[in-house]
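Peer 1: Sequence:
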Amino acid sequence: MTEEQIDFRALLFKYIIHWPWFVGAVLLCLVGAWFYLHWATPIYNISATVLIKDEKKGGGAGLSSELEDMGLSGLMTSSKNIDNELEVLRSKTLVKEVVNQLGLYITYKDEDDFPAKGLYKTSPVQVSLTPQEAEKLKTSMVVEMTLQPEGNMDVNVTIGEKGYQKHFEKLPAVFPTDKGTLAFFLTPDSVLSSKRTLEETTDSEKTTRNITATINKPLAVAKAYCKNMTIEPTSKTTSVAVISLKNSNVQRGKDFINKLLEMYNINTNNDKNEVAQKTAEFINERIGIIS
1 MTEEQIDFRA
11 LLFKYIIHWP
21 WFVGAVLLCL
31 VGAWFYLHWA
41 TPIYNISATV
51 LIKDEKKGGG
61 AGLSSELEDM
71 GLSGLMTSSK
81 NIDNELEVLR
91 SKTLVKEVVN
101 QLGLYITYKD
111 EDDFPAKGLY
121 KTSPVQVSLT
131 PQEAEKLKTS
141 MVVEMTLQPE
151 GNMDVNVTIG
161 EKGYQKHFEK
171 LPAVFPTDKG
181 TLAFFLTPDS
191 VLSSKRTLEE
201 TTDSEKTTRN
211 ITATINKPLA
221 VAKAYCKNMT
231 IEPTSKTTSV
241 AVISLKNSNV
251 QRGKDFINKL
261 LEMYNINTNN
271 DKNEVAQKTA
281 EFINERIGII
291 S
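If you read the sequence shown in my numbering, its first letter stands for residue 1, the second for the next number, and so on.
No wet-lab data here; the hints were simulated from the structure.
Cβ atoms here follow ideal geometry from the backbone N, Cα and C, with glycine treated the same way.
Check before you lean on any hint, since a few could be wrong.
[As the list claims (entries may be wrong)] In the BS3-like style, the derived pairs of lysine-lysine whose C-alpha atoms are separated by at most 30 Å in a straight line are:
(1) Lys170 to Lys217
(2) Lys138 to Lys179
(3) Lys138 to Lys117
(4) Lys223 to Lys179
(5) Lys166 to Lys121
(6) Lys223 to Lys136
(7) Lys236 to Lys121
(8) Lys246 to Lys121
(9) Lys246 to Lys92
(10) Lys136 to Lys109
(11) Lys246 to Lys217
(12) Lys227 to Lys217
(13) Lys92 to Lys14
(14) Lys109 to Lys162
(15) Lys14 to Lys109
(16) Lys162 to Lys217
(17) Lys217 to Lys117
(18) Lys166 to Lys246
(19) Lys92 to Lys121
(20) Lys92 to Lys138
[Stated by the list, open to error] With beta-carbon atoms standing in for the labels, derived distance ranges:
(21) Ala224 to Lys162: 30 to 40 Å
(22) Tyr44 to Thr181: 17 to 27 Å
(23) Asp154 to Ser244: 33 to 43 Å
(24) Gln132 to Pro188: 21 to 31 Å
(25) Ser128 to Asn258: 19 to 29 Å
Construct the complete structure from the given sequences, taking the supplied hints into account.
Peer 2: The following block contains the structure:
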């Protein structure tokens with residue numbers, strides 16, 4: 001057997017004659033990466049740490065033990081179990097309340113940008129439709145608005161195959177449809193609703209604005225938020241949990257988590273008050289029977 005010698009110079013020359021293809025492939029990848037970064041919507045991970053009070057580990061343990069001594073332990077719910085509380089935080093019912101409170105079922109886009117840029121609390125016009133009416137929508141409601149610097153606005157509403165058009169000379173305005181009543185307001189910091197001088201206005205406020213608002217069913221939006229949200233305890237021996245949410249807007253993610261905890265605390269306090277009231281009524285009833 002004879003060992004074959006490898007001619008590295010010939011091998012290199014064999015590939016180097018195709019250098020234009022290699023350079024072209026690299027340039028094509030760079031261009032593709034630039035377009036992807038320019039068009040793709042960035043997704044941020046917003047997280048917060050929350051302490052969940054567990055009556056088994058303190059706080060309400062004294063009250064529970066006293067009621068057990070009186071034979072009234074059945075009146076106290078076991079909702080203070082950490083796993084149960086985490087499930088409450090993940091529940092679609094609670095998330096839907098947050099979506100309704102913040103109006104997250106209505107999203108805005110600036111069509112003057114390319115590609116269209118999402119707007120959160122920066123749209124010059126706000127669209128209002130009650131959550132009850134939005135929940136009845138079978139398909140998304142698309143509201144296209146053309147706002148003129150003088151204050152008049154053209155509105156084109158599309159719901160499935162149906163379309164509605166309306167012209168408003170000024171805002172606020174109301175637009176009744178068979179799918180619900182739309183209301184339009186200028187944002188408080190809009191140049192048309194404030195007393196700012198012409199020099200204080202930006203170039204975008206001096207031109208025609210094309211804004212698109214999309215209204216979805218609150219329950220569908222709540223399901224999407226639940227899918228993009230994780231709530232996990234930091235360990236099995238602690239009452240601390242980490243709430244993480246993936247969203248395309250950092251401020252919207254922060255507002256969602258803050259409102260979620262606020263609504264959770266309100267509902268928890270309401271449950272406590274209801275249990276305390278029922279317990280007091282039961283005790284008073286028994287005292288009345290004994291006396």
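Peer 1: Hints first: check each against the structure and report whether it holds.
Peer 2: Verification of the supplied hints:
1. This hinted pair checks out: Lys170 and Lys217 have alpha carbons roughly 28 Å apart, not beyond 30 Å.
2. Under the criterion of a C-alpha separation no larger than 30 Å, the hint pairing Lys138 with Lys179 is consistent with the structure, at around 10 Å.
3. Straight-line distance between C-alpha atoms of Lys138 and Lys117 comes to about 26 Å, which keeps the hinted pair within the 30 Å bound.
4. With a C-alpha separation of about 22 Å, the suggested pairing of Lys223 with Lys179 holds against the 30 Å cut-off.
5. With a C-alpha separation of about 24 Å, the suggested pairing of Lys166 with Lys121 holds against the 30 Å cut-off.
6. At roughly 16 Å between alpha-carbon atoms, Lys223 and Lys136 fall within 30 Å of each other, so this suggested pair holds.
7. The hinted pair formed by Lys236 and Lys121 fails the criterion: a straight-line CA distance of about 39 Å is larger than 30 Å.
8. For the hint pairing Lys246 with Lys121, the CA-to-CA distance comes to about 19 Å; that is within 30 Å, so the pair holds.
9. As the CA atoms of Lys246 and Lys92 are separated by approximately 17 Å, the hinted pair is consistent with the 30 Å bound.
10. The straight-line distance between the Cα atoms of Lys136 and Lys109 is roughly 23 Å, inside the 30 Å bound, and the hint therefore holds.
11. For the suggested pair Lys246 and Lys217, the alpha carbons sit about 20 Å apart, so the restraint of at most 30 Å is met.
12. Taking the CA atoms of Lys227 and Lys217, the gap is near 16 Å; set against the 30 Å cutoff, the hint holds.
13. Taken as a hint, the Lys92 and Lys14 pair is broken in the structure, with Cα atoms around 63 Å apart against an allowance of 30 Å.
14. Taking the CA atoms of Lys109 and Lys162, the gap is near 21 Å; set against the 30 Å cutoff, the hint holds.
15. For the hint linking Lys14 to Lys109, the alpha-carbon distance of about 53 Å lies beyond 30 Å, and the restraint is violated.
16. Distance hint between Lys162 and Lys217 is fulfilled; the C-alpha atoms sit about 17 Å from each other, no more than 30 Å.
17. As the CA atoms of Lys217 and Lys117 are separated by approximately 22 Å, the hinted pair is consistent with the 30 Å bound.
18. Restraint check: the Cα-Cα separation between Lys166 and Lys246 comes to about 37 Å, which exceeds 30 Å; the hinted pair is violated.
19. Distance hint between Lys92 and Lys121 is fulfilled; the C-alpha atoms sit about 24 Å from each other, no more than 30 Å.
20. Proposed proximity of Lys92 and Lys138 is supported: the alpha carbons are some 19 Å apart, at most 30 Å.
21. Judged by the Cβ atoms, the range 30 to 40 Å given for Ala224 and Lys162 is violated: they are separated by roughly 25 Å.
22. Distance hint check for Tyr44 and Thr181: the Cβ-Cβ separation is about 35 Å, which falls outside the suggested range of 17 to 27 Å.
23. Distance hint check for Asp154 and Ser244: the Cβ-Cβ separation is about 41 Å, which falls inside the suggested range of 33 to 43 Å.
24. In this structure, Gln132 and Pro188 meet the distance hint of 21 to 31 Å, their C-beta atoms being roughly 26 Å apart.
25. Range check, Ser128 to Asn258: Cβ separation about 22 Å, and the 19 to 29 Å hint holds.
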